[in-house]
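*Asks:* Protein chains in written order, with the numbering used here: chain A, 1 to 288; chain B, 1 to 224.
What the hints contain is simulated information worked out from the structure, not anything from laboratory work.
Using N, Cα and C, we set each Cβ at its ideal position, and we do this for glycine too.
Please note that a few of the clues may not be correct.
What the hints assert, rightly or not - In silico contact screen, one side only, chain A against chain B (beta carbon under 8 Å); selected entries:
1. Val4
2. Phe18
3. Val27
4. Ile239
5. Val242
To be verified - In silico DSSO-like links for lysine-lysine, alpha-carbon gap of 27 Å or less:
6. A:Lys7 <-> B:Lys44
7. A:Lys155 <-> A:Lys168
8. A:Lys65 <-> A:Lys76
9. A:Lys76 <-> A:Lys97
10. B:Lys193 <-> A:Lys10
11. B:Lys193 <-> A:Lys7
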Amino acid sequence: MFEVVLKNPKALTFSVLFHMVIIIAIVINFEFFDTPEPVQAGNPVKAIQTKLIDSKQLEETKRKKNKEKAEQQSKKLKKVALEKKAKELEQKKAKDKKIKQQKKEAEIKKKAAIKKNKALKEKEKLRVKQKAAAKEKQLAKQKEKLKRAKEAEKKQLAEEKKKQLAEKRRLEEQEQKRKEMSLKLKLKAEELSLKQSLLKRDYMIAIKEQVERNWRRPQESSKIESCEVRVLQGPGGIIMDVTFGDCDGGTSAYRRSIENAVYKAEPLPQPGDKTLFEREINFIFTPK
Amino acid sequence: MNDQSITTLIAHASLPVQLVLLILLAASVFSWSTMYVKRAYIKKNQAEASTFEGRFWSGINLSDLFAQLSVRQEKRFGLEAIFENGFREFARARKAELDTTSIVNSAHRAMKVSMAREIESLESNLTFLATIGSVSPYIGLFGTVWGIMESFRALAGVQQATLAMVAPGISEALIATAMGLLAAIPAVIGYNKFTNEVDGMVVRYENFLEEFTGILQRQAQVQK
């Protein structure tokens, strides 16, 4: 029993790997996702009593604490208000002094500023003139650049158009080639199928003729007509069975003569192409 | 016992339960690998039968086919083996100039023997799968019963018994049943699938054998 398995290490490794995967999947699933919460040990009644007592005491102590806090806060607020008033008075005095000093400084600064402005305006006029000249030069340069760029773009567009046209031509040529190839292939296939069908017709005719050659006219029969014969053949043209299809006019003696002819024709001729071999062969027997 | 994961449960299990789990794991591994082997073998046989039938009915001369087969060195199986044995016996009997019926009979007998051998190799190891499929649930059940027995025995000495004392033991015992089913279900499915496929192959072989016997009979008559 185990020999087969041990002879095939591939099968064994497949199986072992498969089981390892399953086991790992199960372990991971149980340990990290589905672990049931452990039931807590101990007396649950006790826990509930202690909680009730605790809550009552807590409420009383909370009230006391709240009152004390409120008193302390009101005292603090009063102290803070007094301190604020003193500070404000001091600040007002300091502000008055600062304002006076600032006014004096401002007057001095204004005088100096007027002098500076005059000098600056003269300098700015010179600068503006220089800038205007520079701008004109730059504009001229930019115009030239634009012209060059436009020309280059035109050239590129023309080249691209040329390339696209070339590609189109190539594609068209390829398509034409493909069409030609497919046509050739179709023609070849048609030729082949024609050849095959011709071979098959030859094969059928060969069988029919071989049967008809081996036929002997039965003595008693007077009226003889064509008859549809169905032959089952095995490999090598061995006849397995003979049955008759549409054969209304034939007497039993006539049919027997055909059957004998088929068996005498054994082995049946083989087709030129072996793929054309068929187990069941139908043909119409026409006596001469 | 706060950690209830499956690994700790197995680690805490008693020795017989662990042994049962080990046996079931081994059984599962072996059943899967036999299924792998059998599947490959049956597929190979089916493919061989298809290709050989195609060749046989391609209109090739039987003695040519036989010559082609006997040139090949590799070991033959399936329809090829049946055909080769039958045709060899047919040729031997015809050389001995026996009458038609005894020629055909001896060829038929040789093919029957060959076919029986082929079917046997197709069916080999299927009983192993059937055994695992039917027995592993019982082994698992044994492990479970043993584990539950142990956990109840531990309860016997305690004054106040609680569920928490028995639950882990029963849980670990039930793992054995789960493992048994896990081993059994694929084995049963595989067994049913493979027996069905082997039956199909048997019918195919028998059909071929009858047809081939008819052909041989006709050939023997023609040669006379």
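*Asks:* Confirm or reject each hint.
*Replies:* Taking the hints in turn, this is what the structure says about them:
no.: 1; hint: Val4; verdict: 5 Å, holds
no.: 2; hint: Phe18; verdict: 6 Å, holds
no.: 3; hint: Val27; verdict: 6 Å, holds
no.: 4; hint: Ile239; verdict: 6 Å, holds
no.: 5; hint: Val242; verdict: 12 Å, violated
no.: 6; hint: A:Lys7 <-> B:Lys44; verdict: 17 Å, holds
no.: 7; hint: A:Lys155 <-> A:Lys168; verdict: 20 Å, holds
no.: 8; hint: A:Lys65 <-> A:Lys76; verdict: 17 Å, holds
no.: 9; hint: A:Lys76 <-> A:Lys97; verdict: 33 Å, violated
no.: 10; hint: B:Lys193 <-> A:Lys10; verdict: 22 Å, holds
no.: 11; hint: B:Lys193 <-> A:Lys7; verdict: 23 Å, holds
Of the numbered hints listed earlier, those contradicted by the structure are 5 and 9.
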